[in-house]
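**Q** Protein chains in written order, with the numbering used here: chain A, 36 to 350; chain B, 36 to 350; chain C, 36 to 350; chain D, 36 to 350.
No lab work stands behind these hints, which were simulated from the structure alone.
Only a predicted model underlies this, so the values are computations on that prediction, with no experimental measurement involved.
Ideal Cβ placement from N, Cα and C applies to all residues, glycine included.
Please note that the accuracy of each hint is not assured.
Taking CB as the label site, the calculated pair distances span [unchecked claim]:
| # | chain 1 | residue 1 | chain 2 | residue 2 | range |
| --- | --- | --- | --- | --- | --- |
| 1 | B | D101 | C | P93 | 25 to 35 angstroms |
| 2 | D | Q307 | A | D225 | 17 to 27 angstroms |
| 3 | B | G264 | A | E134 | 42 to 52 angstroms |
| 4 | C | A349 | B | G264 | 47 to 57 angstroms |
| 5 | C | R129 | B | R129 | 34 to 44 angstroms |
| 6 | B | G179 | A | G264 | 35 to 45 angstroms |
Each computed EDC-like pair below joins lysine to aspartate or glutamate, with the alpha-carbon atoms no more than 20 angstroms apart [claimed, not checked]:
| # | chain 1 | residue 1 | chain 2 | residue 2 |
| --- | --- | --- | --- | --- |
| 7 | D | K193 | A | E181 |
| 8 | D | K310 | C | E133 |
| 9 | A | K305 | B | E329 |
| 10 | A | K305 | B | E324 |
| 11 | B | K310 | A | E324 |
4 protein chains.
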Amino acid sequence: MATTTTQDKVIISCAVTGSVHTPTMSEHLALTPDQIAEQAIEAAEAGAAILHLHARDPKDGRPSADPKIFDAFVPRIRDATDAVINITTGGSTRMTLEERLAYPLQAKPEMCSLNMGSMNFSIHPAARRIAEWKHEWEKPYVEGMEDLIFRNTFRDIKHILKVLGDDCGTRFEFECYDVGHLYNLAHFVDEGLIKGPLFIQSIYGILGGLGPDPENLVVMRTTADRLFGRDGYRFSILGAGRHQMPLLTMGAVMGGNVRVGLEDSLYLAKGQLAKSCAEQVRKIRRILEELSLEIATPDEARAMLGLKGRDAVAF
Amino acid sequence: MATTTTQDKVIISCAVTGSVHTPTMSEHLALTPDQIAEQAIEAAEAGAAILHLHARDPKDGRPSADPKIFDAFVPRIRDATDAVINITTGGSTRMTLEERLAYPLQAKPEMCSLNMGSMNFSIHPAARRIAEWKHEWEKPYVEGMEDLIFRNTFRDIKHILKVLGDDCGTRFEFECYDVGHLYNLAHFVDEGLIKGPLFIQSIYGILGGLGPDPENLVVMRTTADRLFGRDGYRFSILGAGRHQMPLLTMGAVMGGNVRVGLEDSLYLAKGQLAKSCAEQVRKIRRILEELSLEIATPDEARAMLGLKGRDAVAF
Amino acid sequence: MATTTTQDKVIISCAVTGSVHTPTMSEHLALTPDQIAEQAIEAAEAGAAILHLHARDPKDGRPSADPKIFDAFVPRIRDATDAVINITTGGSTRMTLEERLAYPLQAKPEMCSLNMGSMNFSIHPAARRIAEWKHEWEKPYVEGMEDLIFRNTFRDIKHILKVLGDDCGTRFEFECYDVGHLYNLAHFVDEGLIKGPLFIQSIYGILGGLGPDPENLVVMRTTADRLFGRDGYRFSILGAGRHQMPLLTMGAVMGGNVRVGLEDSLYLAKGQLAKSCAEQVRKIRRILEELSLEIATPDEARAMLGLKGRDAVAF
Amino acid sequence: MATTTTQDKVIISCAVTGSVHTPTMSEHLALTPDQIAEQAIEAAEAGAAILHLHARDPKDGRPSADPKIFDAFVPRIRDATDAVINITTGGSTRMTLEERLAYPLQAKPEMCSLNMGSMNFSIHPAARRIAEWKHEWEKPYVEGMEDLIFRNTFRDIKHILKVLGDDCGTRFEFECYDVGHLYNLAHFVDEGLIKGPLFIQSIYGILGGLGPDPENLVVMRTTADRLFGRDGYRFSILGAGRHQMPLLTMGAVMGGNVRVGLEDSLYLAKGQLAKSCAEQVRKIRRILEELSLEIATPDEARAMLGLKGRDAVAF
Ligand SMILES: [Zn+2]
Ligand SMILES: [Zn+2]
Ligand SMILES: [Zn+2]
Ligand SMILES: [Zn+2]
C-alpha cells in the first residue's frame, strides 16, 4: 500500500575511538587496548549492536594499524559481548591501504567499514582552539589534515570488495560522506561487485564532506531511495560533533539506524564531554524509546544485514 | 557566516481539544469548560507557552463556536497562567465563517489560528474502527467529513486579516496543511496584507493535506525559506496522530517549534492514549532537553512572535 | 541497474480552452464549437496525442457543461484525428458536480480529468490589469473566484471513480495541484479504488495550489516516486501562464510528459500571445527534439496509459 | 516580494578541450593550438561569453600544462574575441599543483577554474568500449583514472586563492562536483578567504562525483541557496556526456547559467558527435531562446561576475 510504512528496530552502532580525535581533546577517549575493550563492552551492554573499532598505540594514543594491538582487545570484546565486531578499513588518512587492511584480512570479521570515495577529511580548524597539547604528535597531526586526502580510489574499493568481501565473507558498513559516494556505491552495484542488503552509513559534518544541515539527511535518503529502492538498503546516520544526537534522532524518525561513539563526537550534551561511549548509547536509547522505537539486538542486526555470524571469524 | 546557525529556544504550543476527535475516541479528551481549563492550565505548567483553544458543547462534547462557552474557560486560563491564549478561527468544518469568528472578534486575543486555504479535511476512515459510539452525533459527524470542505477562500482569509489582524492587533498561527498554503501566505505577504514575523504552523498527516512522511518537513522548510527567507518566519510542526512525537522531534532538530495536544493526537506512545495534554508537553520537553534544546517561556514566545501582550486583550 | 534509466517517448497533451481564461484575455481563445474543433484538430496534427476538452457557450464564451455543445465538436474532432479525447470533469468552479459529469457520463471517453482535492483556485488578481471587458459576465466571473472553492471532496472523487472509471472504463488524468493531492491519490490507491498505470498531471502556478518554482517539480516527482514507485505512474507537467514552456521543458528532462494549450497559458513566448494551441504544440516539440526526445503518437500514448481504445466510446 | 523572481541573462561558458577525453574518442576534439583557437573563436562568435581553456601537446593530443603551448593560442583568442578567457587550474589528474598553476600565474587571467575538493574522477569504464586507440598514451591514461585522485586539498585551495585570487585579481569558476564541495566553498567564505559574487559551476555525471539525475540540480541549488543566499552566487550547470543539453536546459529554467564544450561532452545529440564546440553553443542558444531567455554578452558576464576586465591580464 502506498502510504503505509513499518519501522524496523533500530540498530545502534558504536564507534569507540576512531583516528580523528586526539588525547588532548578529551580525557575520556579510549586509547589503550584496555580502555577500548572496556568502553566497547560497556557500550554493548548499554544496547549497541555493532562495535566499530580502530586501534591506537597505547604509548601516546596515536592511531595505529598494528594487528598486535587489535589482538589485545578484539578477542576480549568478542568474549564479553555478542555484539557484531566491525573493524575499520579506513584507519587514518596517514596510513597506506596495505596498512589499513592488515588486521581486517587477518581477522575476517563479520563487518568492516568501507569508505566510498576519496575526499578531503579534516578537522584542522580545531587545532586553533587548543593551546596545550598532551603529546607532540597531536598538533602536526591535526594541522596536517589540511593538506591530506582520505584515499579510496575506485581500484582501492574494488580491491577491498574482493579480498575482504568475496574472499572473507565480510559485509560492509558503506561510509558515504557525500552524495557522490552513493553514486560510487551504485556504480559497484551496477558492476555486479556488491550485493545487498546494503548498510549505508551516511555521514554529516566532516569538513570535506557533506555538512551537518538536517536537510542533508533527506538528500541522502532520497538519493539512496532512487538508486537502490527503499527496500534495497539499510540507512544509518553518523553525525559529527555537536550534531550527533540531533541528526541521529532525526535519522531514526526517518526510518534509519544510528551510530554513536567518541570517534564521532566527544560530547554528550551541549558543552558536556561524554565520559564514555556507553553514555552516548544510553542517551540515544532514551530518545528512541521516547519515540516508541525499539532497539535491535546483535542477532537482530545480523539478520537485518545478512552477516555471516559471530563464529565465522578468524579471531 | 555561511555555515553557522544558532538555534532559538523552542516554543511549545498545546492544542487542547480541537474539533476533530470525538468523545468516543478517548475518555481523556477535554469536553467541558472545566476539563478544557484544567488541561490547558496543566499544559502551561508543564511548559506550553501557547494554548490553542476550541470550545465544545458540555452536553455531548460536540464542537461549538458559542462565545458563552469560551467565556466559561478562557478567563479562567488567563488568570491561572501567563501562557499566550490562541483562539481558533478554524472552528470545525461544519461552522460558517461568521460562527468561527464570533468569539475571536469578541476576545481580541493575542493570537488566533488562521488556515491558509480551502481543502478536504477528513478522518472518515477512522469511523470504520469504532463499533460503539458514546453520542449519536459522532458517527455521522466523522463519516460526513468525507463530503465536507474546510472552507478558507482568499476572500475569507483577507477578511480575517482585516477584522482580527488589522482591527484587533491579533497575530496569527498560520496553519499550512500543504505546500500551496505557503504560496497562499506568500500571496498575502506580496499584497501587503501580512507583515512578519510570521509564525507558520506546518501540518502533516491530515487526510486531505500533506502526508506524514518525514521528508515533507524539509519540503515545507525549504519552500518557506525560499518564499520568506530563513529569518522571515518561525517554523512550527504539527504532526497528526501517531506521527506527532516523531515529526515534532524532527522539526525541532530542524530549528522549528512544536505543537502538541489532544486536538492533534490522542496518543502518548505507540498504543497508549495520553491521559492529558500535559503528558504530551512533558514528553516532548524531555526529548527536547535530551537534544540540548531550551524551552521558550510565554514571554519569550511573545517577543519572538511580536505579540501585543497579555493585557491587550478583551477577556 | 541502479543508475540507468531509459526515457520513454513524451506524451503531449493539449488543453484547448478550459474555463479559466475569458474572451477578453486573448482573441485567440477558442470559444465556439468550430473554433474548439479547429484548434484541437490542428494541435493533434502538430503532435498532441491527447486533447483535453471543455465547452463554452458560443454566445459569449462563458464556460458551459451543456452536452449539446460538446456534441457539436467532440465527434468532429474524433473523425478528424486519432488523438485521445479527454473530457474535463472539473468543468468550472461554478458548476455542480452533476453538471460537470453530464457529458462525460454520456460520452464515456477513453480519458477524463479528475481533480484530486478541493482547493481555492483563482486568477482574481488578473482582473486588475483589465480595464475593458468584452462581455458583462467576465469581470464578476474572474473577480468572484476570490471567494470560490474548486470542490472535489473525497466522496465526489469516489463517485467519479465509480461511475466513470468502473462503469465506463474511462481512465483518468489525475490533476494534482498540490503535494497533498498526491496523498489523496495514494489514499484511493490504498483503498483499492484506483489501479495503475496512473497518469499524474502535476500542476504549478495556479493561485491556491503549488507555486511555479522549478523546485516544485522535484517535490512532486519525489513524492510520487515514494508513494507509487517510479514505474507505478506516468508523470506529466502543466505550467500555468508564463511558466508553461520552462516548466514543461524541465519536466521532460525529468522524464515527464507535457501539457500545453490555451487553457493553461495564453502565451507563446514572453509578451507574445499564442495564436493557437498548435503553436504551443509545435514549440514544445521543437524543444523536445533539440533534447533528443521523441514524441508519442496517440496509439503509443494509449499503450502507455492503458486506455480502452478510440472505438470503445459513446460519441 | 516573496514570489517574484527576475531572470538574469544567461552566461554561456564553453570548455573547449579539457583533459579527460582523448583523441580516439572524437576526431573533432581540438588538440593543437590552432584547433583550440579556432574552436574557441567560433564558440565565442556563436554566443559563448566565457572560454574555459586547457592545453594539449600538439604531437599526440596528450593534456599539457606547458605555458608555451598556452602562449600559442591564448593571445590569438584574446585578439579575435572579447570573450572572458578562463584558464583551468585543474589541468589533469596526473599533473602536480605546481604544473597546474604555471600558466595561470604567468597569464593572470580574468578568471580561472578552481576545484573545490579532492575526489575520485574517472572515465575508466569508457575504455572498455574502445578497441583501437590512436595513440599509445590513451589507453593507460583512461584506464589509469580508476586509481587516481583529483587532488585539491584545503591547503591547495587556500594557496590558489592567495596566489591567483589575492595576488593577481583573478576570479574563479568554483567547480563543485558534489554537495560537500559547496560546504568546502562555504568554509572558505566563512574564513574570509573568498568574497562574492561567487560563480558556482555545479557538475553532474562525472564518475566519482554527483550523478546526472535531474533531481541533483535542485539539491545543489537548494544547498547553495541555504549557504550563500540566492543573491550571493551565480549558479551554472555542467552536465557530462549525454546529460549535457538536458541538464543545462533544466538549469537555465532554474535561473542558472550553462557550460558547453567538448571538454564536457563530445556529443551534439543522441548518437551524434558534435563537430565543434560552436555547434553546442548554437544548440543551447536555440533552446534558451525558445524559453524566452536572453544570452549575456562577455561584458555583461564581466559585470555579473565582477571581473577585473580584459585589459588587466598578462597575456
Ligand atoms: Zn572509523
Ligand atoms: Zn485547532
Ligand atoms: Zn481543464
Ligand atoms: Zn576544465
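**Q** C:A349 and B:G264, beta-carbon distance inside 47 to 57 angstroms?
**A** Given a distance of about 54 angstroms, which is inside 47 to 57 angstroms, the answer is holds.
**Q** For the pair C:R129 and B:R129, does the Cβ-Cβ distance stay inside 34 to 44 angstroms?
**A** Distance hint for C:R129, B:R129 is violated at roughly 23 angstroms.
**Q** Does the structure keep A:K305 and B:E329 at a Cα separation of 20 angstroms or less?
**A** holds, 11 angstroms
**Q** Between B:K310 and A:E324, does the CA-CA distance stay at or below 20 angstroms?
**A** holds, 19 angstroms
**Q** At the C-beta level, are B:G179 and A:G264 separated by a distance inside 35 to 45 angstroms?
**A** holds, 40 angstroms
**Q** Between A:K305 and B:E324, is the straight-line Cα distance small enough, at 20 angstroms or below?
**A** holds, 10 angstroms
**Q** In this structure, is the beta-carbon distance linking B:D101 and C:P93 contained in 25 to 35 angstroms?
**A** violated, 52 angstroms
**Q** Would the hint linking D:K310 and C:E133 be met if the CA-CA limit is 20 angstroms?
**A** Not satisfied, since the Cα-Cα distance of roughly 60 angstroms exceeds 20 angstroms.
**Q** Falls inside 17 to 27 angstroms, the C-beta gap from D:Q307 to A:D225?
**A** The hint (17 to 27 angstroms, Cβ to Cβ) holds, given that D:Q307 and A:D225 are roughly 26 angstroms apart.
**Q** Range first: 42 to 52 angstroms. Now tell me if the beta carbons of B:G264 and A:E134 are that far apart.
**A** holds, 49 angstroms
**Q** Given the proposed pairing of D:K193 with A:E181, does the C-alpha separation stay at or below 20 angstroms?
**A** holds, 10 angstroms
In summary, the structure is inconsistent with hints 1, 5 and 8 from the numbered list given earlier, while agreeing with the others.
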